Amino acid sequence: MSNRIDVKDLNVYYSKFLAVEDVNINIEARSVTAFIGPSGCGKSTFLRTLNRMHEVIPGARVEGEVLLDGDNLYDSAVDPVTVRGRIGMVFQRPNPFPTMSIRDNVLAGVKLNNKRISKSDADSLVEKSLRGANLWNEVKDRLARPGSGLSGGQQQRLCIARAIAVSPQVILMDEPCSALDPISTLAIEDLINELKAEYTVVIVTHNMQQAARVSDKTAFFNIAGTGKPGKLIEYGETTTIFNNPAVKATEDYVSGRFG
Amino acid sequence: MSSSTLEKRRSQLTKGRMPGYVVWVVLAAAVVLGAAVSALIGFNIIVWAILTAVFFVAGATMITAAFGGTRKASDSLMTYLVYGCFIIALLPLLSVIWTVLERGLPGLSYDFFFTSMNGVTGATDNASAENGSPVLGGAYHAIVGTLQITLWATLISVPIGLMAAVYLVEYGTGGRLDRAITFFVDVMTGIPSIVAGLFAAALFGLLFGPGTRTGFVAAVALSVLMIPVVVRSTEEMLKIVPNELREAAYALGVRKWRTIVKVVVPTAISGIASGVTLAIARVIGETAPILVTAGFVSSINTNVFSGWMSTLPTFIYYQILTPTSPTNIDASTQRAWAAALTLIVMVMLLNLAARLIARAFAPKTSR
Amino acid sequence: MSTNTLTRSEVGGKSGDKIFSGATLAAGCLILAVLFGVAAFLVIQALPIFSADPTDITGGEGFGSYIFPIVIGTIIAASIALLIATPLGIGVALFISHYAPRRLAQGFGYLVDLLAAIPSVVYGAWGYAVLAPQLAVGYGWLAENLGWLPIFEGPASQTGRTILTAGIVLAVMVLPIITSLSREIFLQTPTLHEEAALAMGATRLEMIRMAVLPFARAGIVSAAMLGLGRALGETMAVALVLSGGALTASLIQSGNQTIAAEIALNFPEAFGLRLSELIAAGLVLFVITLAVNIIARWIISRHKEFSGAN
Chain A
1 MSNRIDVKDL NVYYSKFLAV EDVNINIEAR SVTAFIGPSG CGKSTFLRTL
51 NRMHEVIPGA RVEGEVLLDG DNLYDSAVDP VTVRGRIGMV FQRPNPFPTM
101 SIRDNVLAGV KLNNKRISKS DADSLVEKSL RGANLWNEVK DRLARPGSGL
151 SGGQQQRLCI ARAIAVSPQV ILMDEPCSAL DPISTLAIED LINELKAEYT
201 VVIVTHNMQQ AARVSDKTAF FNIAGTGKPG KLIEYGETTT IFNNPAVKAT
251 EDYVSGRFG
Chain B
260 MSSSTLEKRR SQLTKGRMPG YVVWVVLAAA VVLGAAVSAL IGFNIIVWAI
310 LTAVFFVAGA TMITAAFGGT RKASDSLMTY LVYGCFIIAL LPLLSVIWTV
360 LERGLPGLSY DFFFTSMNGV TGATDNASAE NGSPVLGGAY HAIVGTLQIT
410 LWATLISVPI GLMAAVYLVE YGTGGRLDRA ITFFVDVMTG IPSIVAGLFA
460 AALFGLLFGP GTRTGFVAAV ALSVLMIPVV VRSTEEMLKI VPNELREAAY
510 ALGVRKWRTI VKVVVPTAIS GIASGVTLAI ARVIGETAPI LVTAGFVSSI
560 NTNVFSGWMS TLPTFIYYQI LTPTSPTNID ASTQRAWAAA LTLIVMVMLL
610 NLAARLIARA FAPKTSR
Chain C
627 MSTNTLTRSE VGGKSGDKIF SGATLAAGCL ILAVLFGVAA FLVIQALPIF
677 SADPTDITGG EGFGSYIFPI VIGTIIAASI ALLIATPLGI GVALFISHYA
727 PRRLAQGFGY LVDLLAAIPS VVYGAWGYAV LAPQLAVGYG WLAENLGWLP
777 IFEGPASQTG RTILTAGIVL AVMVLPIITS LSREIFLQTP TLHEEAALAM
827 GATRLEMIRM AVLPFARAGI VSAAMLGLGR ALGETMAVAL VLSGGALTAS
877 LIQSGNQTIA AEIALNFPEA FGLRLSELIA AGLVLFVITL AVNIIARWII
927 SRHKEFSGAN
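Residue numbers (my numbering), protein chains in the order written: chain A, 1 to 259; chain B, 260 to 626; chain C, 627 to 936.
Hints are computed from structural coordinates only; laboratory data are not their basis.
A portion of the hints provided could be inaccurate.
Okay, derived cross-link-like pairs now, PhoX-like style, lysine-lysine, Cα gap no bigger than 20 angstroms in a straight line [stated by the list, open to error]:
#1 C:Lys640 / A:Lys248
#2 A:Lys119 / A:Lys140
#3 B:Lys521 / C:Lys640
#4 A:Lys128 / C:Lys640
#5 A:Lys115 / B:Lys521
Note that the coordinates shown come from a computational prediction; the quantities given were computed from them, not determined experimentally.
Make the full structure from the sequences, and use the hints.
The structure is reproduced here in structure tokens:
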């Protein structure tokens, strides 16, 4: 099953304010794509439009098309809930549900939607998802404990396990390591490398070394000034973007001259 | 450095501070002076206390002024006044609690809790006063009524208040309707309780004929008072549920209403439950709306939909204002204070429960 | 179009979203409906009073002259309560927020909140049985020594069940409202302002005058207004404490009556026109308290940094 994302002429608005302008990008299946750029350049906003999470903010809307394997996410007949079931998301700060145990957190996507699942299926789903998130060995003895009792890095991997338990095709990550210490960050980066065998991963990061380490392709976003819309400046193989960028602004940014 | 400054033992920094013992000297002097003056105009412990306070504040302020100037003096005057305010505020609290305990405890008995006033007449009270036999009659019917009416008020208010709060926090967009609801909920918290009672009486009077008085009418009246409290506290609690949790659920492909029902509300449940408990504590002691909606009876009525009902507050009110035996009011007074003690204990328990609930079910967050 | 696999909805309960949001909206609107219902039903039930023959109204001179003295009585009682409770409440709030030892401050706060937990009928009973007899002694003294003032004109009530006693009981009841609201604002004073004042060598009083009070002014006003709203509408304390009667200027004689107490004392036996009369009185009380509350809320909403309510 291939699951590529093609974005055509996408504009993102908050009410009347144009936040991201005219993005065209083709994201390959089973690869890691990193979005980099200075703060406020619209990379996170753009990421959220890929599973319609931006709609949570009142007044946010888009023009253009986002195709998941050729199916338009923004077709009027499409239910955003379906989209989010196919395209999962991991957030900046780990956000396990505080009222649920580790096990229930992993099963949240299934249970919250009242889907029936047998106990043995649930057990194997929990184990598979936690193994997929490299967390199984650390928590297998305390699945009934609250998820919020884990360390920050473990919580973030729990959130990844929770995301992959609903078997999405794509996983979006919005600065998943920005709230974590270096060791936890390393664990997540290793995990991202493994995830791309099965999933298409898109990651927003502020950390250029991280982008260089984990991604196959990199997209650089920039903003001309405050109040101006963010734009996709350059998109290509990660090695090209970091070593041989075509655009001056990209070179300035990746070499640390601004941003 | 000249030798004269070295000889000066007192630090420059403590200049103008009066030694700590001065305050106690002034206090002692004020007590004595207060006693003397109050003895002159007819000794009375309250007059003595007031005079002592006045003399102490005036004396201490003047001495501070002599030591450290007017700035220090006005500062310490303010300190005395602020402490005084607090002491004055405590007096009625202590007096009420003492009164209720002192007069209420003797009236608490098995009979008080488990018999009604049915068949208890002035003659019964006169007999008990003449023979010194125990006071008959109790508040069972009123306790039953209080519990029933409060229960129904809770059943009406909690769903409405909870849903309205969910609307304001989860679905509200800050439009005109939302602002109107928020504003009028605030205004509703200020409706006089008697007006809420009149509303329910007028509503049911129109629907079922004038003079319709049942426990349910009273429950509706109490709901008018309770709903805004529930809305406000639930709103506050829902607002502090982090948005990240909602987003996490949405990102898993969970529908909004399920997110609210299974993630947002459970996360806030301890605060909501404690807010509801406080709301119950607030309406359980209401008297005025019951007077105009549920009437007053001396026998047990367990049906809120038919017939008049008594509650503890109305029981207290009528026992004091219209004693069962006009010639021997002690029996009625005793029953009234026993009922007051019962009511206060119920309210305090509810307040305590609210705090315990808030603590026990607080979300187990690590950050 | 039909080839778009995303249009197949995999998650059930789509109608649940509509039903649930509809239900919450209905609950919100119901609250508005109740408030307008309160006004509407009171008006409907009060209407007969305006077409009735003035001589049929209690007092025999029409509704205006029936309601006027009890409106004034209500205002007198509420004013006494506010005059006592506002300075006292501010003092207690300052004590808890700035003067009391830190470790004890929270406990003291609970203690004052306990005042709010005591049911009004208990305050009424306390005022009737404990406070009034105590104050009667003082009233005698006031009538003797300050009797030349109209408000202290004798002969003083022997039972102490006067409008002044009722006002004092009301003051005790609104005290926790004013205290808790003021305390909340005092605690919100920016620490930066307070420290700036202290760093200039200000005493605690000067710091409070320079940093705390200016910041809290609007909040104090609205706290007093909310207290006023409560005092105007409070029923039981007055019904039990006050031995009511005709309007008099003296605060230490029996007499005067408040709207709420008038309703509570007469409603249980009322029927027909008398019922309409009392409901109309309730409507007047509703309008007065509504106006007071709206003004208070308006002041609060103009100063958003302070988070009103309870």
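Results for each hint:
no.: 1; hint: C:Lys640 / A:Lys248; verdict: violated, 49 angstroms
no.: 2; hint: A:Lys119 / A:Lys140; verdict: holds, 16 angstroms
no.: 3; hint: B:Lys521 / C:Lys640; verdict: holds, 16 angstroms
no.: 4; hint: A:Lys128 / C:Lys640; verdict: violated, 29 angstroms
no.: 5; hint: A:Lys115 / B:Lys521; verdict: holds, 14 angstroms
Violated hints, in rising order: 1, 4; the structure is consistent with all others.
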